[in-house]
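Novice: Listed here are the chains, written in short residue letters.
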Amino acid sequence: NAGVTQTPKFRVLKTGQSMTLLCAQDMNHEYMYWYRQDPGMGLRLIHYSVGEGTTAKGEVPDGYNVSRLKKQNFLLGLESAAPSQTSVYFCASSYLETKFFGPGTRLTVL
Amino acid sequence: DAKTTQPNSMESNEEEPVHLPCNHSTISGTDYIHWYRQLPSQGPEYVIHGLTSNVNNRMASLAIAEDRKSSTLILHRATLRDAAVYYCILSSPRPNAGGTSYGKLTFGQGTILTVHP
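Protein chains in written order, with the numbering used here: chain B, 1467 to 1576; chain L, 674 to 790.
All the pointers check out, no bait thrown in.
Taking CB as the label site, the calculated pair distances span:
id, chain 1, residue 1, chain 2, residue 2, range
1, L, Lys742, B, Leu1562, 22 to 30 angstroms
2, L, Asn686, B, Met1485, 42 to 50 angstroms
3, B, Gly1543, L, Leu712, 27 to 35 angstroms
4, B, Ser1546, L, Glu687, 44 to 52 angstroms
5, L, Arg750, B, Met1485, 41 to 49 angstroms
6, B, Thr1574, L, Met683, 29 to 37 angstroms
7, L, His692, B, Gly1482, 44 to 52 angstroms
8, B, Thr1574, L, Glu684, 27 to 35 angstroms
9, B, Ser1546, L, Pro713, 29 to 37 angstroms
10, L, Leu712, B, Asn1494, 24 to 32 angstroms
11, B, Glu1525, L, Gly702, 19 to 27 angstroms
12, L, Gln782, B, Thr1552, 16 to 24 angstroms
13, B, Thr1486, L, Met683, 34 to 42 angstroms
Don't read these hints as lab results, they were simulated from the structure.
Quick caveat, the model's predicted, so the values are computed rather than measured.
Ideal Cβ positions, reconstructed from N, Cα and C, are used throughout, including at glycine.
Kindly produce the complete structure, drawing on both the sequences and the hints.
Specialist: Written out as structure tokens, the structure reads:
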């Protein structure tokens, strides 16, 4: 049981490049989330999904898109990366009141 | 969203109890109180949550004030592995799930816990 996994673990992008972060969970959870964590700002919710085929905006959705084509996967896309998107990205899934987080992706945009 | 207030940092000695306070004076009647912790270079880890009554699990205890405007996370015997940032978070219930939180947790600054050997 791997829990929540994220790929890649690290990535460096140039401004304007695009990329997709993959989150996978093997716990059959309905709810999945993407957060970003920046120094001094805690975690902020980017987008979330309440089930396969559904997505919703969180607190800081601008510049990101998401897709939940399969229940176990939640993808976060950056169409045109900006330096302000340099951050650590965490994916999570939840069962009832408990969230399970992945190990994070450290993204640097130059 | 209701906010929480926590001390920036606390220190403890190994094998001593630790009481981490959290104020949430604007909590609504249906908000759950969650605690997560984050070790360096790792994702947040669930610790405990509650609504009105005190809660215990293998990791910690959660004491909730009678008026629910504050709560305390209790680590009964701190170990070096408990050194982490501890987040106290309020979560509103899902609108269509019979009171179950839909999990839009807003993480604040948290409390940095240092444990001394």
